[in-house]
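J.: One-letter residues, chain by chain:
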Amino acid sequence: EAQVTQNPRYLITVTGKKLTVTCSQNMNHEYMSWYRQDPGLGLRQIYYSMNVEVTDKGDVPEGYKVSRKEKRNFPLILESPSPNQTSLYFCASRSGVRTDTQYFGPGTRLTVL
Amino acid sequence: DQQVKQNSPSLSVQEGRISILNCDYTNSMFDYFLWYKKYPAEGPTFLISISSIKDKNEDGRFTVFLNKSAKHLSLHIVPSQPGDSAVYFCAASERYGGATNKLIFGTGTLLAVQP
Numbered sequence: 014e015a016q017v018t019q020n021p022r023y024l025i026t027v028t029g030k031k032l033t034v035t036c037s038q039n040m041n042h043e044y045m046s047w048y049r050q051d052p053g054l055g056l057r058q059i060y061y062s063m064n065v066e067v068t069d070k071g072d073v074p075e076g077y078k079v080s081r082k083e084k085r086n087f088p089l090i091l092e093s094p095s096p097n098q099t100s101l102y103f104c105a106s107r108s109g110v111r112t113d114t115q116y117f118g119p120g121t122r123l124t125v126l
Numbered sequence: 013d014q015q016v017k018q019n020s021p022s023l024s025v026q027e028g029r030i031s032i033l034n035c036d037y038t039n040s041m042f043d044y045f046l047w048y049k050k051y052p053a054e055g056p057t058f059l060i061s062i063s064s065i066k067d068k069n070e071d072g073r074f075t076v077f078l079n080k081s082a083k084h085l086s087l088h089i090v091p092s093q094p095g096d097s098a099v100y101f102c103a104a105s106e107r108y109g110g111a112t113n114k115l116i117f118g119t120g121t122l123l124a125v126q127p
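Chains A and B, in that order, give the protein sequences.
Quick note: the first sequence uses this note's numbering, first residue 14, plus one each step.
Quick note: the second sequence uses this note's numbering, first residue 13, plus one each step.
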């Protein structure tokens, strides 16, 4: 089954404690993104990757890092989480830059105390 | 600055009636528009799209209309069913002209279809 998986699904942590949210897709997609969803703001792109070792900032990259060492994985790293990073995070992938359908993971609900 | 706007946070419709969800955009360079549907505890899923060279695209009960001069698009669901109850996100991109085809999402509209 074609899918994007994220782990963990729920996480409560404290300010400053480094964390990683993993994302993996099994569709051999080149293009992957991370989004955060906040009330009244919709989905905003954090980082994206157009292929292995190619990553770039989205609209709200501050406080986040990513890496793309393998095609299937695109982890999101919060080196020093802060309460304003409390949000619902989605990983997404699509086969190429010009394709329509973007597949989303199920989401990770992060709370930073 | 919100380039894609969904001004109605919520909409309630009776089962069997038409649901109309609206979306406005400000960037005239957008040439591709999409609607995504999101159920609670799940990621958004692609629903329907339209290129700027068209003014209508239909897929079963779902039709998207594009009015380029007004920078407005709408999603019509006919007839509405309780299973359509979800958050609907409008998205836009510079699919043909942009380098990255980044999707810009609206804030979403929560549709509730009452049985």
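Because the hints were derived from the structure by calculation, they are not lab data.
Remember, predicted model here, so these are calculated numbers, not experimental data.
By construction, the Cβ of each residue, glycine as well, lies at the ideal position given by its N, Cα and C atoms.
Please note that the accuracy of each hint is not assured.
Said to hold, decoys possible - Derived pair list, reagent style DSS-like, types lysine-lysine, alpha-carbon separation capped at 25 Å:
id	chain 1	residue 1	chain 2	residue 2
1	A	Lys78	B	Lys114
2	A	Lys70	A	Lys82
3	B	Lys83	B	Lys49
4	A	Lys70	B	Lys114
5	B	Lys66	B	Lys17
6	B	Lys114	A	Lys84
7	B	Lys49	B	Lys114
8	A	Lys82	B	Lys66
9	B	Lys17	A	Lys70
Unchecked claim - Covered stretches of chain A, going by a simulated chain B footprint (3 or more residues, C-beta under 8 Å):
id	segment
10	23-37
11	118-126
J.: Now tell me if each hint is right for this structure.
T.: Comparing the hints with the structure gives:
1. Restraint check for Lys78/A and Lys114/B: satisfied, since their Cα atoms lie roughly 19 Å apart, inside the 25 Å limit.
2. In summary, the hint linking Lys70/A to Lys82/A is supported, as the alpha carbons are separated by about 17 Å, within the 25 Å threshold.
3. A C-alpha spacing of about 21 Å is found between Lys83/B and Lys49/B, which places the hinted pair at or below 25 Å, so the restraint holds.
4. For the hint linking Lys70/A to Lys114/B, the alpha-carbon distance of about 11 Å falls within 25 Å, and the restraint holds.
5. A distance of roughly 21 Å separates the Cα atoms of Lys66/B and Lys17/B; the hinted pair therefore holds under the 25 Å criterion.
6. This hinted pair checks out: Lys114/B and Lys84/A have alpha carbons roughly 19 Å apart, not beyond 25 Å.
7. For the suggested pair Lys49/B and Lys114/B, the alpha carbons sit about 18 Å apart, so the restraint of at most 25 Å is met.
8. For a cut-off of 25 Å, the pair hint linking Lys82/A to Lys66/B is broken: about 39 Å separates their Cα positions.
9. Our distance criterion of 25 Å between C-alpha atoms is met by Lys17/B and Lys70/A, whose separation comes to about 22 Å.
10. Remark: the segment 23-37 of chain A is not confirmed as covered by chain B, as 0 of its residues place a Cβ nearer than 8 Å to a Cβ of that chain, below the required three.
11. With 3 residues bearing a CB less than 8 Å from a CB of chain B, the segment 118-126 of chain A meets the requirement of three and the coverage assertion stands.
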